[in-house]
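All chains, please: the whole structure from these sequences, using the hints.
2 protein chains.
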Amino acid sequence: MKRSVNATIITIGDELLIGQVIDTNSAFMARFLNRAGISVIRKLAVSDNAEEIRAAIDREVNGVSVILLTGGLGPTSDDVTRQTLADYFGVKMIEDKGALRNVKRLYDKVYKKPLNPVNLRQAEVPEGCKVIINKRGSAPCMQFEKGRSMIFCLPGVPFEMEGLMPDVITAIRERFQLPKVIHHTIATAGIGESELAAILADFEKEIAPKTSLAYLPGLGILRLRLTSVVTGKEEEEKVNRHARVLKKLAHQYLISSDDTPVEEAVGKLLLKKKKSVATAESCTGGFIASMITSVAGASAYFPGGIVSYSNAVKSGTLGVKTTTLKKHGAVSEEVVKEMLKGVLKKMKSDYGIAVSGIMGPGGGSGQKPVGTVWIAVGSNHRVDTRKLHFRFDRKRNIQSTALRALFMLKLFLENE
Amino acid sequence: MKRSVNATIITIGDELLIGQVIDTNSAFMARFLNRAGISVIRKLAVSDNAEEIRAAIDREVNGVSVILLTGGLGPTSDDVTRQTLADYFGVKMIEDKGALRNVKRLYDKVYKKPLNPVNLRQAEVPEGCKVIINKRGSAPCMQFEKGRSMIFCLPGVPFEMEGLMPDVITAIRERFQLPKVIHHTIATAGIGESELAAILADFEKEIAPKTSLAYLPGLGILRLRLTSVVTGKEEEEKVNRHARVLKKLAHQYLISSDDTPVEEAVGKLLLKKKKSVATAESCTGGFIASMITSVAGASAYFPGGIVSYSNAVKSGTLGVKTTTLKKHGAVSEEVVKEMLKGVLKKMKSDYGIAVSGIMGPGGGSGQKPVGTVWIAVGSNHRVDTRKLHFRFDRKRNIQSTALRALFMLKLFLENE
Numbered sequence: 001m002k003r004s005v006n007a008t009i010i011t012i013g014d015e016l017l018i019g020q021v022i023d024t025n026s027a028f029m030a031r032f033l034n035r036a037g038i039s040v041i042r043k044l045a046v047s048d049n050a051e052e053i054r055a056a057i058d059r060e061v062n063g064v065s066v067i068l069l070t071g072g073l074g075p076t077s078d079d080v081t082r083q084t085l086a087d088y089f090g091v092k093m094i095e096d097k098g099a100l101r102n103v104k105r106l107y108d109k110v111y112k113k114p115l116n117p118v119n120l121r122q123a124e125v126p127e128g129c130k131v132i133i134n135k136r137g138s139a140p141c142m143q144f145e146k147g148r149s150m151i152f153c154l155p156g157v158p159f160e161m162e163g164l165m166p167d168v169i170t171a172i173r174e175r176f177q178l179p180k181v182i183h184h185t186i187a188t189a190g191i192g193e194s195e196l197a198a199i200l201a202d203f204e205k206e207i208a209p210k211t212s213l214a215y216l217p218g219l220g221i222l223r224l225r226l227t228s229v230v231t232g233k234e235e236e237e238k239v240n241r242h243a244r245v246l247k248k249l250a251h252q253y254l255i256s257s258d259d260t261p262v263e264e265a266v267g268k269l270l271l272k273k274k275k276s277v278a279t280a281e282s283c284t285g286g287f288i289a290s291m292i293t294s295v296a297g298a299s300a301y302f303p304g305g306i307v308s309y310s311n312a313v314k315s316g317t318l319g320v321k322t323t324t325l326k327k328h329g330a331v332s333e334e335v336v337k338e339m340l341k342g343v344l345k346k347m348k349s350d351y352g353i354a355v356s357g358i359m360g361p362g363g364g365s366g367q368k369p370v371g372t373v374w375i376a377v378g379s380n381h382r383v384d385t386r387k388l389h390f391r392f393d394r395k396r397n398i399q400s401t402a403l404r405a406l407f408m409l410k411l412f413l414e415n416e
Numbered sequence: 001m002k003r004s005v006n007a008t009i010i011t012i013g014d015e016l017l018i019g020q021v022i023d024t025n026s027a028f029m030a031r032f033l034n035r036a037g038i039s040v041i042r043k044l045a046v047s048d049n050a051e052e053i054r055a056a057i058d059r060e061v062n063g064v065s066v067i068l069l070t071g072g073l074g075p076t077s078d079d080v081t082r083q084t085l086a087d088y089f090g091v092k093m094i095e096d097k098g099a100l101r102n103v104k105r106l107y108d109k110v111y112k113k114p115l116n117p118v119n120l121r122q123a124e125v126p127e128g129c130k131v132i133i134n135k136r137g138s139a140p141c142m143q144f145e146k147g148r149s150m151i152f153c154l155p156g157v158p159f160e161m162e163g164l165m166p167d168v169i170t171a172i173r174e175r176f177q178l179p180k181v182i183h184h185t186i187a188t189a190g191i192g193e194s195e196l197a198a199i200l201a202d203f204e205k206e207i208a209p210k211t212s213l214a215y216l217p218g219l220g221i222l223r224l225r226l227t228s229v230v231t232g233k234e235e236e237e238k239v240n241r242h243a244r245v246l247k248k249l250a251h252q253y254l255i256s257s258d259d260t261p262v263e264e265a266v267g268k269l270l271l272k273k274k275k276s277v278a279t280a281e282s283c284t285g286g287f288i289a290s291m292i293t294s295v296a297g298a299s300a301y302f303p304g305g306i307v308s309y310s311n312a313v314k315s316g317t318l319g320v321k322t323t324t325l326k327k328h329g330a331v332s333e334e335v336v337k338e339m340l341k342g343v344l345k346k347m348k349s350d351y352g353i354a355v356s357g358i359m360g361p362g363g364g365s366g367q368k369p370v371g372t373v374w375i376a377v378g379s380n381h382r383v384d385t386r387k388l389h390f391r392f393d394r395k396r397n398i399q400s401t402a403l404r405a406l407f408m409l410k411l412f413l414e415n416e
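For the protein sequence lines, the chains are B and D, in the order given.
Numbering (this note's numbering) for the first sequence: 1 to 416.
Numbering (this note's numbering) for the second sequence: 1 to 416.
Don't read these hints as lab results, they were simulated from the structure.
Do not take every clue at face value.
[Stated by the list, open to error] Calculated cross-link-like contacts (lysine-lysine; reagent style BS3-like; alpha-carbon spacing at most 25 Å): (1) D:K368 / B:K113; (2) D:K341 / B:K395; (3) B:K112 / B:K97; (4) D:K341 / B:K348; (5) D:K268 / B:K395; (6) B:K345 / B:K273; (7) B:K387 / D:K112.
[Claimed, not checked] Some chain D residues near chain B, calculated using beta-carbon distances under 10 Å: (8) N34; (9) V110; (10) R136; (11) S138; (12) L254; (13) D258; (14) D259.
For each residue, glycine too, the CB sits at the ideal point set by N, CA and C.
Following this line, the structure appears as structure tokens:
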């Protein structure tokens, strides 16, 4: 089968359309599909409304190989997806034995609550659909066929949807032969999109049309992604060569040669070296520590951190000299160096990260405008410091600072 | 004009379809539009491909009052939105004087970099469109009309898009009369969606069809949202009455009577009382501190916090007795109480939050399975503790714990 397998993701829920909830599901599903060689060509979000859901499915059926629906499978009256699908296929709702067993198991063993009639409704599915049991929740995944499209309907609870995606891919593989898509992603910093584009103009022309290059700016970092559909070892090797050339061309600005989240990359390096890191954070307010500890198993290399938001905590807990604070101000190279020294001692860690800055919207001055940040990373033997300037809003200034600090530590560890 | 004003949001970018980037733009835009009385009926994400973009616009034109496009306005070759719009309207690209001035200003005053020819391209727009200057970046917002639809094209950089939304709303108001939509949102915890739905069944029927009730589960919290389009004071008062009844019905599970983010609500309470709070975090690894400091001005009430991930830091920095750790384990009421005591002393704060738990996927045991958390909030005079159990993945267990801890502090402060 030569034709590429493509997909549309339809997310269902009023909460998406009033913006109360940020849709993370479709990004997760898209990543999963892409990795399996299925290209997502469209995403659609519609309300909990039968007509809208039907129109969305009708528009996609036969046009794409796979339609993934998510959301609106709750037991309450605002959730209409299940009944809408039964009407769409002109069938009645029936109780699925497997789904019923699963609901009973969940209430008995996991939730430890008595079942009520509303919960039992979760075991009902449109007649004739194929049921994929959802071990993490009561709403099963339902699989349908229409024309040349496979249709999967998944619950909207992220944790539940995520648990079902491997089964969905397995079902797609049974029907379609999936091609191989290769992505190579690198991260750069310190250069704008247009300047880098000027450097890479010839390279881009050379790799086209088989391989494409995308610029993904965000949070003070510019990611570059090469994408290619490959059919054999030779083509794969060619794309890998392109990736190596790209790294050389962007060398001066390169901060990461792969797409591993930096907090994971740092964790792996520390585990390999059997070393630890601690954090001393002012302006990021615990965000760096929370990124480090978002990785399972971080306790092996992260004893802890100090959020020294006030100057009193900087001197009281981290031992920054009050004379240093007075002379240079809290946002200075001298202060982050002393914060680093203090946290290395306090947490007895091998490495440390210290940051101090002005995240805005208030607190800026002519000499130190909003977005000014000092970062120090290092050990008792060697310290790297850097002054950066971000020009986003508060939230993104914090995230950018945390990212850059972790990338600095990564480079530091790679060069140790 | 009786007909309601509705909108479709079209996000453009390959990165959305391969799931590399989570789309936060459309949620922001949807909130903004909803608050102005414009209902978003559909969201669509398409690739950086001229044909796909044209098809998406064609599908929505005349069907909705407003079409918001975002993304694909960068200066590099993978960004095709601008040229696609020129082709769509059959016009040529021209240099806009205002946009050019803005690009020059940005490079001169903000980026402090020399302009290159690629940057200048950012000042080009399709002939005949109305330009809204983007003070935060070089790509302007472009406004078009087709049939009965207004079309706005905004940059995809969140910070830039966000800065332009007020101007977009102003432009929509000039053309359409906007109705008033009222949302009332409350938050509950400790009850499932179906159980609460059983309690609220009669209430739901009573308020329909003018007012609707939505269940928004997430992160161990169940939000309930009443929505109504109102045309006068009387109708508005009626919805407010519904909201009061809802609060009474859900009273036992109510953790918040409004939709203010809990970290903001806590900040306001502390400012009003002129008191401070400090954090002692084990399992949340700094996430609570980072939530508190995500609020601008948090330095007025947050001196700092300790992330005591290891037991050594729990005892060394927070003064938790090693005998307590040995006897009860790190995840226990006794330990969070001592952590709280320690951080109150160390940070000299009026109030404190302390948490310890097992976030998974590893580290659970029969007696203390993954998801077990102990939380303590309080002062030197009074302490509230609570044991909770979450059954999500690591990331969401952390977020849920942080949210519940902050809600506990909010209740504590409200009752002081």
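Hint check results:
no., hint, verdict
1, D:K368 / B:K113, "holds (19 Å)"
2, D:K341 / B:K395, "violated (30 Å)"
3, B:K112 / B:K97, "holds (21 Å)"
4, D:K341 / B:K348, "holds (23 Å)"
5, D:K268 / B:K395, "holds (19 Å)"
6, B:K345 / B:K273, "holds (20 Å)"
7, B:K387 / D:K112, "holds (16 Å)"
8, N34, "holds (5 Å)"
9, V110, "holds (7 Å)"
10, R136, "holds (8 Å)"
11, S138, "holds (9 Å)"
12, L254, "violated (18 Å)"
13, D258, "violated (13 Å)"
14, D259, "holds (8 Å)"
Checked against the numbered hints above, the structure violates hints 2, 12, 13; every other hint is satisfied.
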